[in-house]
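Protein chains: 2
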Amino acid sequence: MSDAAVNLDQKLSTFTEHWSPRIISQFNDCDVMVVKAEGEFKWHHHDETDDFFLVLKGTLRIELRDRDVTLRPGELFVVPKGVEHRPVAEGEVHLLLIEPKGVPNTGDAATAAQKVSI
Amino acid sequence: MSDAAVNLDQKLSTFTEHWSPRIISQFNDCDVMVVKAEGEFKWHHHDETDDFFLVLKGTLRIELRDRDVTLRPGELFVVPKGVEHRPVAEGEVHLLLIEPKGVPNTGDAATAAQKVSI
Numbered sequence: 001m002s003d004a005a006v007n008l009d010q011k012l013s014t015f016t017e018h019w020s021p022r023i024i025s026q027f028n029d030c031d032v033m034v035v036k037a038e039g040e041f042k043w044h045h046h047d048e049t050d051d052f053f054l055v056l057k058g059t060l061r062i063e064l065r066d067r068d069v070t071l072r073p074g075e076l077f078v079v080p081k082g083v084e085h086r087p088v089a090e091g092e093v094h095l096l097l098i099e100p101k102g103v104p105n106t107g108d109a110a111t112a113a114q115k116v117s118i
Numbered sequence: 001m002s003d004a005a006v007n008l009d010q011k012l013s014t015f016t017e018h019w020s021p022r023i024i025s026q027f028n029d030c031d032v033m034v035v036k037a038e039g040e041f042k043w044h045h046h047d048e049t050d051d052f053f054l055v056l057k058g059t060l061r062i063e064l065r066d067r068d069v070t071l072r073p074g075e076l077f078v079v080p081k082g083v084e085h086r087p088v089a090e091g092e093v094h095l096l097l098i099e100p101k102g103v104p105n106t107g108d109a110a111t112a113a114q115k116v117s118i
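Residue numbers (the numbering used here), protein chains in the order written: chain A, 1 to 118; chain B, 1 to 118.
Everything labelled a hint here was simulated from the structure, so no lab data went into it.
Hints should not be assumed to be uniformly reliable.
Identical chains share a label here; the pair holds if one copy fits it or two copies do between them.
Claimed, not checked - When the alpha-carbon atoms are kept at most 27 Å apart in a straight line, the in silico DSSO-like pairs for lysine-lysine are as follows:
1) K81 with K101
2) K115 with K81
3) K42 with K115
4) K42 with K81
Bear in mind the structure is a predicted one, so any value in this text is a computation, not a measurement.
Build the full structure now, drawing on both the sequences and the hints.
Following this line, the structure appears as structure tokens:
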């Protein structure tokens, strides 16, 4: 838990990797994270949690099996628990994510990125 | 649960009241809300939950008993569960808030604003 204001752009300036979430704060049993995205992520779902996306920069297309949801800066979408989705970033996209602690970003611990606190 | 992108500025444009959160999405057992703030809120705390603030516009000072935390656009702070705090907005401030469903914004159901979904 940070004891000071957390500046999202400052946190994003500290790394360059894509699809590698950084934990910047915690809210109850959840990690609050920023991530840089570019290109296609994996199709996946989370059996036990919704998946929160807020776009800070760029355009993110969240592909669902029946439609796409396109998010621009200042737009958010929550993928319901169990719903298959694939995030696709055309160019670099910056996101704020919220997930329960320990949830693998791919929906599968074997392929998930390690979440690092910064 | 919205089934489309939620544009924060569009949601904020639909009301003018201060300190009256609007529910714009849901994430697991939490309400995702936007609120317009101006002036001093009440000193309060939440026994059962952290309190998530992300500033979208303006400057919010979160007074704690031992210090102040000042938030500008693109900055967030999570007030830990049980910690007394008083948000103070100098001029109008727009915020994204996340709280478990049913949590009174003042920490006390008797004085809380009704949270309306938009």
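Here is how each hint holds up against the structure:
For the identical chains of this complex, K81 and K101 are neighbours both inside a copy (15 Å) and across copies (17 Å), given an alpha-carbon limit of 27 Å. For a Cα distance limit of 27 Å, the shortest separation of K115 from K81 qualifies both inside one copy, at 20 Å, and across copies, at 24 Å. Proximity of K42 and K115 under a CA criterion of 27 Å is satisfied intra-copy only: 17 Å inside one chain copy versus 36 Å between copies. Taking the shortest alpha-carbon separations for K42 and K81, only the intra-copy value of 16 Å comes in at or below 27 Å, while the best inter-copy value is 35 Å.
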